[in-house]
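2 protein chains.
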Amino acid sequence: MTPEKPRKEEQSIAALLAPDILDLLESEPGTVAAETQDLHPADLADVVEALPHSQIPVFFAALPSPRAAAVLEYLDEELRTELLEQMSAEQAAALVAAMTPDDRADTLEELDEEHAEDIVEALPAETRRNTEQLLLYPPESAGGLMTTELVSVPASYTVEEALRRVREIARSGRREAMNVVYTIDADGMLAGVLSLRELLAAPEGARMTDVAWSEVRKVAVNADREEVARLISEYDLVAIPVVDEKNRVLGVVTFDDVIDVIQEEGTEDVQKLGGMEAFDEPYMQMGIMAMIRKRVGWLAILLVGEMFTATAIGYFEGRLANVIFLVSFIPLIISAGGNSGSQGTSLVIRALALNQVTLQDWWRVAMRELPTGLLLGLILAVIGFGRVELWHWLSTAGLHAGPIDIGYYYGPYHTYVALTVAVAIAGVVTFGSIAGSMLPFLLRRVGFDPASASAPFVATLVDVTGVVIFFSAAVLFLGGRGM
Amino acid sequence: MTPEKPRKEEQSIAALLAPDILDLLESEPGTVAAETQDLHPADLADVVEALPHSQIPVFFAALPSPRAAAVLEYLDEELRTELLEQMSAEQAAALVAAMTPDDRADTLEELDEEHAEDIVEALPAETRRNTEQLLLYPPESAGGLMTTELVSVPASYTVEEALRRVREIARSGRREAMNVVYTIDADGMLAGVLSLRELLAAPEGARMTDVAWSEVRKVAVNADREEVARLISEYDLVAIPVVDEKNRVLGVVTFDDVIDVIQEEGTEDVQKLGGMEAFDEPYMQMGIMAMIRKRVGWLAILLVGEMFTATAIGYFEGRLANVIFLVSFIPLIISAGGNSGSQGTSLVIRALALNQVTLQDWWRVAMRELPTGLLLGLILAVIGFGRVELWHWLSTAGLHAGPIDIGYYYGPYHTYVALTVAVAIAGVVTFGSIAGSMLPFLLRRVGFDPASASAPFVATLVDVTGVVIFFSAAVLFLGGRGM
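Respectively, the protein sequence lines represent chains Z and D.
All the letters of the first sequence, read from the start, carry residue numbers 714 to 1196 under our numbering.
All the letters of the second sequence, read from the start, carry residue numbers 714 to 1196 under our numbering.
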């Protein structure tokens, strides 16, 4: 096991099994396949990940190729790439040929281009053509997600004929889930859909045209994977057919691929919201340098952005000499704005991702965030006002905690100081709510991912404004009163 | 449509259909069912949402109850509650009795308790018992997610017998997806599983015991819904059986419910990361006051936490008189730490959510974040150093932009000022990475949701430390040099 490998809860079980399998590989390699046949391929992949790297090719050689291919599909990406690059193109081709078409294409895409091409060359002619076709679709599109193994029958079939065809395909040993049957009309176009369950329930002698649903949810081959995920999730589909512009079925995307997409999109949203580029790999597998590259860009941009706060403070500096205590409130005030902005941003990013709001809703969102921000700002302003007045009152009481005085003497105009702080908080919180909630709309409008409106990005935007709001309030309330 | 309702892209289509349906409801209510029978219930629910509220009960009355129940399942939660509360308990019971058991339980849980009890009383005896049972399970558990409609056969059955049973159930008109058949042994315990496809492919005359998979992935009825989601996603399952402590099957959770869980968990993570409590409802449906309650708590806590920065700055205030320009760097320095902390937090939260790391991995994560934070800190420190020196150099060049001087004169010790800023940045960024990445572990360790380690929470923690690090660096480098 490489030190970079994520440790899952089950790997302890896998680690327990691994030594037995290792013994078996040495003493009786012929029995390995039979001994492990009851394990789910996902569990067997965990066992493989616990084997010494040198024994992994030996292990795969001991399995029949459909089984080996199934395990390969669940194997950690890095290890899979390593294994296939150790093999000759012919060995690798024999293995990937037994994978489902979509996983085969995904696996080849992970390899370096030259080796992938050699493997494709070594595939049987039909598999090769199919694979080359799938590799043409962008990985983020419906075409990139789909598998080409599906069950379709002519719409003119009877229920019995369709059932016979399903049985034939199921017995041919293809491994793709086939919970749905599609019907195709005389022109080769998608005509209807029926679940396997509905097919079994259909009256004997009926024609497929009469029992299949004619309103088929489908996606265009170039549709974005988020659209695929949305349809599968909205209509509770086991699979969705992928069609070309002439409505001919090219493949299907199954629910399990969509679950992966939804998890990946969730991870991307969280990482972007955290203020960095989305990672392509699990956290523990990412190299330190690769991770730094993903993180440093935004940090540097934000640092430069934050430099405007220095400029803004510098601009007021001349007036601060007599009210130097005001600067101690800067972090408190600007962070209140950043926090309310971060709330607005994450709410809107998620609502956009789940299609709960669309671009046109920006005005309705603004009309919700304005009263929300104002009220939140007022509540926090009361706390801020109380803090100044309380500390001032404490300072007059002359209490001490060891060498440190308790409280702070804000001078004769302490109520104006408290007012300055309160008004500044109310202002920046309101501004933060609005700016934070509008930024994702703005980003989507100009073609960016709204999730790029990260919490730190919003906080930086609001910080600069916060400084200006704060000192403007100070000039207003304290100008001529010590400032 | 209430003003609170989210507007989806498709509602324009629904809105187009709604007037036709409205006409039909007035002129020929008897034809409504036939006219809409080809629509997916999810689409029909969209149409319902576009009808005037007064016409919705009329519309539901015009549909046969299985169809009405299917539409009800896809209806917006608020509208569904409103509709059922307008009806008599008997009317409502007739409608919810036709729903799938899991959706029926979920629907009843949304209603106010008294009305829900009245409806349950009015259900047919068996449905009522089943519903009362389901309502006992916490909504966040496997039991709360599961449906009780599943296909199981005695393990002693032949393939033909099992197939006959499946046909019978499918023809009985139950609507739950039945893509999987479970086998039950003589003691009533879960023995095996077979997909419908595998059942069709099984050799005629074979016994279920011989063809079913005996290693069945299953969950305990009180398992957390995240565990259910993890298993379905890891093993690409269409459904997972839910068992009691004696391994008897109580129900199944299907993939579509898990997709909803994964999306909800993603939303919760994003909202918590944004620094607030997770919402129970879509953003646009949440009332303003309810939203403020979810948001104000964290904002107030963070504001109070941030007050420690004021205390920290106040502590150094006496030494600042001659180096007042230092305060202008406070936002820049503390936000650099907050940003790197927010990165570390969101990475670890997501890795924990996807089981890529577990609690025991905290040390390995720390050993990755330490070098990462140091290197990120050094890179940003160089930028910070450059900023001070560049501004100083510009100030000596005597340039102006209108009335404003370009640059800033940092005095004879400008290189020490630059050094102070640089060291402070490097320190807070390193500290931020470590604190941000360790906080989710700490929270999980003490039993909280790691996602509560929001970006604003981490930023606030780091802000206070950042102020102390910055002024300590200032005392170190500038003490005796003007400070």
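Worth flagging that the hints you see were computed from the coordinates, not collected in a lab.
Keep in mind that the hints are not guaranteed to be accurate.
Identical copies carry no separate label here, and so any pair may be met within one copy or between two of them.
Here are the computed lysine to aspartate or glutamate pairs in the DMTMM-like style, where the Cα-Cα straight-line distance is at most 20 Å [to be verified]: (1) K931 with D993; (2) K931 with D751; (3) K1007 with E981; (4) K1007 with D900; (5) K931 with D969.
Verification of the supplied hints:
1. K931 with D993: neither (28 Å within a copy, 31 Å between copies)
2. K931 with D751: between (36 Å within a copy, 15 Å between copies)
3. K1007 with E981: So K1007 and E981 pass the 20 Å test inside one copy only (12 Å; across, 25 Å).
4. K1007 with D900: Neither: 49 Å inside a chain and 56 Å across chains, both beyond 20 Å.
5. K931 with D969: So K931 and D969 pass the 20 Å test inside a copy (17 Å) and across (17 Å) alike.
Hint violations for this structure: numbers 1 and 4, all remaining hints satisfied.
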